[in-house]
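Undergrad: Letter by letter, the chains look like this.
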Amino acid sequence: MAATKTRTSSFTRNVLSVSSSQIPGVKCGPNGTFFVSSGISDLDKILGGGIPLGSLVMVMEDAEAPHHMLLLRNFMSQGLVQNQHLLYASSSKDPRGFLGTLPSPSSSKDGKLRNHDPEQDKGLRIAWQYKKYFGENQQSFDGHRDSKQEFCNDFDLRKPLERHFFSGQCVDCVSVKDSPNLAALRDRCTQFLAQFRRKDGSISSVGRIAIQSLCAPQCEYSNTEWDVLSFIGYLKSMLWSANAVAVVTFPPSLLSETFCKRLQHMADILLSVKAIPDDDKELAKLLTGYQDMVGFLNVYKVARINTQVPLILEATTFSIKLQKRRFLVLECLNQAPIDGSSGASYGTSGSCSGSSKTGTLDF
Amino acid sequence: MVAMENRSLNLLDEALSLEQRMEPWPLRGKLLLIEDCVETSGSFVLHHLVKRILSPNSSNIVIFLAFSRPFSHYDRILRKLGCNLVAQRDNSRFFFLDMLMLQCPDGNEEKTSEGGFADLYGKIQKIINALPENHRNHVTIMIDDVSLMEVAAYGSSDHVLDFLHYCHTLTSDVGCSLVILNHEDIYSSMERPVFIMQMEYLADILIKTQPLATGLAADVHGQLTVLNTGICSGNGNLKNKISNLQFMVKENSVEYFYPGSRS
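As they're listed, the protein sequences go chains A and B. Numbering follows my numbering, with no gaps: position 86 of the first sequence is 86. Numbering follows my numbering, with no gaps: position 53 of the second sequence is 53.
It is worth saying that the hints were derived from the structure and are not from the lab. Here the structure is a predicted model, which is why all the values come from computation and not from measurement. Each hint should be verified, as a subset may be incorrect.
Quick list of in silico lysine-lysine cross-link-like pairs, DSS-like style, CA-CA up to 25 Å [to be verified]:
1) A:LYS301 / B:LYS126
2) B:LYS123 / A:LYS301
3) A:LYS199 / A:LYS236
4) A:LYS274 / A:LYS301
5) A:LYS274 / A:LYS199
6) A:LYS93 / A:LYS177
7) A:LYS199 / B:LYS80
8) B:LYS208 / B:LYS80
9) A:LYS285 / A:LYS236
10) A:LYS285 / A:LYS324
11) B:LYS239 / A:LYS301
12) A:LYS301 / A:LYS236
Simulated DEER-style distance windows between Cβ atoms [claimed, not checked]:
13) B:ASP98 / A:ASN83: 25 to 35 Å
14) B:MET197 / A:ALA194: 40 to 50 Å
15) A:ASP278 / B:LEU202: 45 to 55 Å
16) B:PRO259 / A:PRO160: 27 to 37 Å
17) B:SER253 / A:PRO160: 47 to 57 Å
18) B:LEU212 / A:ARG198: 35 to 45 Å
19) B:LEU131 / A:ASP94: 57 to 67 Å
20) A:GLN191 / B:LYS239: 54 to 64 Å
21) A:ASP94 / B:SER253: 48 to 58 Å
22) B:LEU131 / A:ALA63: 50 to 60 Å
23) B:LEU202 / A:GLN291: 26 to 36 Å
Glycine included, each C-beta is placed from N, C-alpha and C at the ideal position.
Please model the complete structure; the sequences and the hints are all you need to start from.
TA: This is how it looks when you write it as structure tokens:
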């Protein structure tokens, strides 16, 4: 039959998998995808391994706190440390200045401190007898533990990235402050992504695009919704055929609901960050480790490239913590085992059982 | 063979009245609208239909307008479902129109976006006209997804509606069927969402995917409402049929079950 002519079996091994391991920071994922790291190892785990090449990550900002910058910084640093090219666009006058605030990878000794012993995790799990809650995705997390060190670094937020990482040719900065529309940014993205066209065969280099606060009110184009949407649509279709990923943050509170939903639909990975009020006594009582938290991260959508199966996470709300004021970690919310019958508590209470994702149960 | 055919049918097929024999194709001349939301993607329904339509013992043809994903994505998914799109494309049973890059260079000039869609319609017509006479009513046009068509048209949804109306005339003229995916939650905050209301009005079958009201679940991925309007019952009366299903999406199939029937 003709059906067998082109490919003999659906179970052919992807030839690319061998060649990809040579490129630093790229790792094989399921369904013929390749992952790059988000710069936060916990986020990589949550996303099932990392950010698949060719996908668009959208982060919904909190209007009151710059937590999205934490994600952006780590994402950008991770790329630069691995010699990946970077295009950074923001609405500030001097986007290059932002590069000075990027975190530096910590020396391996510091990094070790926050790596949990996998054996210890195992012991905890059995003790809790909640094994059934650790589905298939838990296994995939463990699989790449050993290779994690080079795939994703631990970044020390208090140590600035060394200059030589971003003074070279591989960083491109765009300010969209004074441009009346997104045409200039679109051209830059086209130019940038042209270097990473996906060809059959191996991946030679990987590009990252970081766009901060698209549709920020200080930009002139901010009220031309369709312009923005068509830009995102264009960026997405460009990414499909490129070995690159893009992270775009936008302030949903400034946008109309319809527009915001459209953007959410276009995202492959959809996250949101929220600050937590300084002194919320009730919340402090409800959650353990409240004093270290700086905010919450919500995961709404995980990239589903080449597959139709949705990834159901054990929890969708994670706390953003700064460990030792240096390292960014994400943890499931550990709810104190009292009532918690309020409407929003589903995600929280559900996550209690899945809390071994990052391993620490502080009781 | 008949027994095998029956076994491969699932509750969704039943809800769509696909349990009847393949000839004539039960969806012929119908417009099927799939509505989903950010939390629960409805694209698996699309994949399922592609597989059903291209099943080996029929001569149906699919024209696929892809605005959201490239061919490789669908190819990989359908291969896991047991349908080789590359082979079907070579057999001229699957026509893939890659519309990812369709954009009007200048949004203010209405003519350009009109032109883009007119060209697209022309392409569809050309494909249909090239088919042998007795195959023309076996064609299904699929659009994934319409909200991105609006983006391509810079928000002039009238042009998109015009295009859909043109395609809709094909259902009555030639007997094509039309399968459209759209996102319901985009329009839910609008006061009078003309666009989606018009589509719902035109639709013969409406499929909605929603997340479970009770939240996350690993073994139930969401619920599905199928509204099948205008079924001819035996005595010539028209009636509606509503089915509520829950589903769990897997790589090689989708499991459907009635709410509460899963232990």
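Undergrad: Hint by hint, which ones does this structure get wrong, listed from lowest number up?
TA: Violated: hints 1, 2, 5, 9, 11, 16 and 23.
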